[in-house]
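J.: Each chain, letter by letter, is given below.
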Amino acid sequence: MASLSGLVVLALATALQSAVFSRIHLLQGAADVVLLTLAAWYMHEDAPASWVWAVLAGLMVGTLSALPWWLFVAGYGVVGGFAMLLRRKLWQPSFFAFFTVVLLGTLATQGLSWGYLRFVVRSPLPLGEALNRVVFPSLLLNLLFALPVYSLMDEWAAWFFPNREVER
Amino acid sequence: MKFSPRTLRALVIALVVVGLLALSLGGYLTPLTRLSTQPVLAVQAWLARAYAGIRAYLNAPKDVNTLRAENQQLKAEVSRLQTEVVTLQQQLAEAELLSALLDFARAHPQNEYKAAQVIGRDPSPFLHYIIINRGSDDGLRVGMPVVSAEGLVGHITAVIPNAARVQLITDTDSAVDVVVQPTHTNAVLVGSLTGELSLDMVALDAKIKPGDLVLTSGLGGRYPPNILAGQVVSVRKLSYALFQEAAVQPVVDFRRLQIVLVIVNFRPVDVTPLTRPQGGTP
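Chains as they are written, first to last, in my numbering: chain V, 86 to 253; chain B, 19 to 300.
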């Protein structure tokens, strides 16, 4: 049931990303709600962590984007991998750890997109302009939206895993 | 004539009463009457006020409940009317937009159009693409040009049965063959990361100036000719450069794009194998 609802939440996040958050710009940067949802899911100690979530999220976003789907799978894979590593290393995942995952995940996904466009498609995207106009503003927006998304996912997880909540 | 004491007393009383009545009817006793009735009236007024207060207090709960119910009803009515106003405003804006699109379609009768709604944007902030709610089921194909009431928007790069992805002319990988009017100068309109447009490949001897119009030329076979794309804002001419450069203000507000028209009877010619055998668009 939790896995099914996780799928619904990811689909909802993808639709929100394309319909709403891609229109909210800071310079040319935009928040990545799918990344935030994925990171919050992975960092929640009760939620079952699996690579499948990153692959599913990558496929969903890749279907909408003109960029190849595997770029998003790779980017979200980095998010999932880093989050799972932190979950194993830390006694209890904190909000600070979630922030770190968002920061590194944003840099990884944006870096992969830029690298593909710059070196494979050969689009005129200078690194400095890409950093100043897209990557850093996107990072700032992601960090701004991180808190509400984390809180929402926390509430949602508490709703789906009430027994584990009591055990603690 | 002799009166008994009892009769005499009655006679005196009767005379006093008649005298008082006569004085009263003559108005001589008015100040005295006012003085005597004032305390009585004051007490009566106080009693009336007290009674009204007690009555109001006893009836108050019923009135508050009625008022609350009325208030709820009025609030619901206001809310319904506000919703209606918003809906009507949206319908008005949509009607204005459709009217503008109809004007555009009438001005270009040689083309056949299919209207589509913008339902999303590319999730990657590096790209300038939109997603529309019409696809191959509606006869849309890859390469078809997309316009709005103002002018050129872009072309379709991917289609599924009920949706399509459109590359905007502001995308970094977009290049549109254009002609600058009134000088008939051929150039290439290119997009950028910031969404700004510029003219490239403009010959040094070409006389273009701010205010000139930029229209599609039809060269390259991707877009039909004479669709307005923008207006020249500034020109930069360097003596050591091979070409001039010009900044172009697009006529379409890409951030507020809601409804677009797809030109469905235009068959684009793919000249990519002739011009760029390696690489491609994403």
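Source of the hints: derived by calculation from the structure; they are not laboratory data.
Computed from a predicted model, the values in this text were never measured in an experiment.
Please note: incorrect hints may appear among the correct ones.
Interface residues of chain B toward chain V, partial, derived using beta-carbon atoms under 8 Å [said to hold, decoys possible]: (1) Ser-22; (2) Thr-25; (3) Leu-59; (4) Arg-67; (5) Gln-135; (6) Gly-153; (7) Thr-175; (8) Val-177.
Non-contacting residues of chain B with respect to chain V, defined by C-beta distances greater than 10 Å in every case (computed) [unchecked claim]: (9) Leu-65; (10) Thr-101; (11) Leu-211; (12) Ser-257; (13) Arg-273.
Using C-beta positions, here's what the derived DEER-type ranges look like [what the hints assert, rightly or not]: (14) Phe-204/V - Arg-98/B: 43 to 51 Å; (15) Ala-96/V - Asp-288/B: 30 to 38 Å; (16) Ile-109/V - Thr-101/B: 56 to 64 Å; (17) Arg-98/B - Gly-196/V: 19 to 27 Å; (18) Leu-110/B - Asn-217/V: 37 to 45 Å; (19) Pro-133/V - Asn-283/B: 31 to 39 Å; (20) Gln-109/B - Leu-237/V: 47 to 55 Å; (21) Ala-100/V - Asp-288/B: 29 to 37 Å; (22) Ala-96/V - Glu-88/B: 43 to 51 Å.
Backbone N, C-alpha and C fix where the C-beta goes; we use that ideal spot for every residue, glycine too.
J.: Thr-25/B was flagged as interface toward chain V. Is the shortest Cβ-Cβ separation under 8 Å?
T.: Hint on Thr-25/B: violated, closest Cβ of chain V at ~107 Å, above 8 Å.
J.: Is the Cβ of Thr-101/B more than 10 Å away from each Cβ in chain V?
T.: holds, 21 Å
J.: Mind verifying the non-interface call on Leu-211/B? Its CB should be farther than 10 Å from each CB in chain V.
T.: violated, 6 Å
J.: Could you see if the CB distance from Ala-96/V to Glu-88/B stays within 43 to 51 Å?
T.: About 45 Å separates the Cβ atoms of Ala-96/V and Glu-88/B, which means 43 to 51 Å holds.
J.: Are Arg-98/B and Gly-196/V spaced within 19 to 27 Å by their CB atoms?
T.: violated, 51 Å
J.: The hint says 47 to 55 Å between Gln-109/B and Leu-237/V; measuring C-beta to C-beta, is that right?
T.: violated, 33 Å
J.: When you look at the beta carbon of Arg-273/B, is every beta carbon of chain V farther off than 10 Å?
T.: Contrary to the label, Arg-273/B does not stay out of reach of chain V, its closest Cβ about 7 Å off (not over 10 Å).
J.: Using the beta carbons of Ile-109/V and Thr-101/B, state whether their distance is inside 56 to 64 Å or not.
T.: The hint (56 to 64 Å, Cβ to Cβ) is violated, given that Ile-109/V and Thr-101/B are roughly 25 Å apart.
J.: Does the closest beta carbon of chain V sit nearer than 8 Å to the beta carbon of Leu-59/B?
T.: With a closest approach of 71 Å, the Leu-59/B hint is violated.
J.: Under 8 Å, Cβ to Cβ, is where Thr-175/B needs to be relative to chain V, so tell me if that hint holds or is violated.
T.: Holds, about 6 Å.
J.: A closest beta-carbon separation below 8 Å is what the hint needs, so does Gly-153/B meet it against chain V?
T.: violated, 13 Å
J.: Can the suggested window of 29 to 37 Å be confirmed for the beta-carbon pair Ala-100/V and Asp-288/B?
T.: Given a distance of about 32 Å, which is inside 29 to 37 Å, the answer is holds.
Comparing the model with each numbered hint stated earlier shows that hints 1, 2, 3, 4, 5, 6, 8, 11, 13, 14, 16, 17, 19 and 20 do not hold.
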